[in-house]
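A.B. asks: Let the sequences and hints guide you as you build the complete structure.
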Amino acid sequence: MDDLESLAADVRSADTVVAFTGAGISAPSGVPTFRGDDGVWEKFDEGQFTYGRFQSDPEGFWDDRVDLQRELFAEEYRPNAAHEALSAMGRDGHLEAILTQNTDGLHAKAADAIAAGSSENGDETGGDRTDDADESNAETEADGATLLELHGNARRVRCTDCGRRRDADPIFDRAADGELPPTCDCGGVFKPDVVLFGERLPGAVIQRARSLARESDVFLAVGSSLVVEPAASLPRQAASTGATVGIVNLESTPVDDAADVVRREDVTEVLPRLRELLETP
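Here the UniProt record's numbering is used: the first residue of the sequence shown is 1, the next is one more, and so on.
It cannot be assumed that every hint is accurate.
In silico DMTMM-like links for lysine to aspartate or glutamate, alpha-carbon gap of 25 Å or less [what the hints assert, rightly or not]:
hint, residue 1, residue 2
1, K43, D67
2, K43, D177
3, K43, D161
4, K43, D63
5, K43, E76
6, K43, E71
7, K43, E75
8, K43, D57
9, K43, D10
10, K43, E59
11, K43, E279
Here are the simulated distance ranges between beta carbons [stated by the list, open to error]:
hint, residue 1, residue 2, range
12, E76, R35, 20 to 26 Å
13, P170, P254, 40 to 46 Å
14, E42, D2, 37 to 43 Å
15, G188, A115, 40 to 46 Å
16, D45, G187, 28 to 34 Å
None of these hints come from the bench; they were simulated from the model.
C-beta: ideal position from N, C-alpha, C; glycine also.
C.D. replies: What follows is the structure, given as structure tokens:
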């Protein structure tokens, strides 16, 4: 039995399995990365997209954010085999929750596709799942698994006054047409529904992620460098309570020493294989 077969056996017998995902799960879909060679911050000044600037200069912030949004979503990105494998695991009862650092909405799209019984995805990103929700709520259901978007969802905007969430595309269209900053019907200013530089992650979101890590019997860290908090501490918290920890990432991470299984391979190959092993008697 190799280590992936052993991991599948642990998942099969576990009560609670949690997956944590980073940029490496979306890169195979073509989603631009922020750092490194050809990263987004090589083209844009990240200092222009701080929470402080949004508060003091919302007009200038939104003017620049329109260009950034066009760069981020120049194409219609689709979930890949790794997203689909996690969604299928949730549907089949093998996955309790997905915690993601990503703001691209692809986990929600994958869940929608699995729920529809097809790997073909429509135009919706899951962006209206939390319309009218409380501003601190980053948790939704993704076809059997809880989806917790730790840093928000760039395909949504949120009113800073009433908290209403809306699909981002029409709001960005209004900003591109000169409505700077775009405002809600209540008069409040819309903000991209992501955690900006200088903005704290909602405490309830962090606590929920940490609770899920501690409660897990198996914790899968997928496509994350596991350097930035709270990412870095979650696998160790899971390990500290006895969970089996599996890491799938092309590069080594500072948490590899705490893992039971480490696969430095393509996530779009490893996760589908893991899912297939779960179906093997």
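A.B. asks: Taking each numbered hint in turn, which are not upheld by the structure, reported in ascending numerical order?
C.D. replies: 3, 9, 11 and 15
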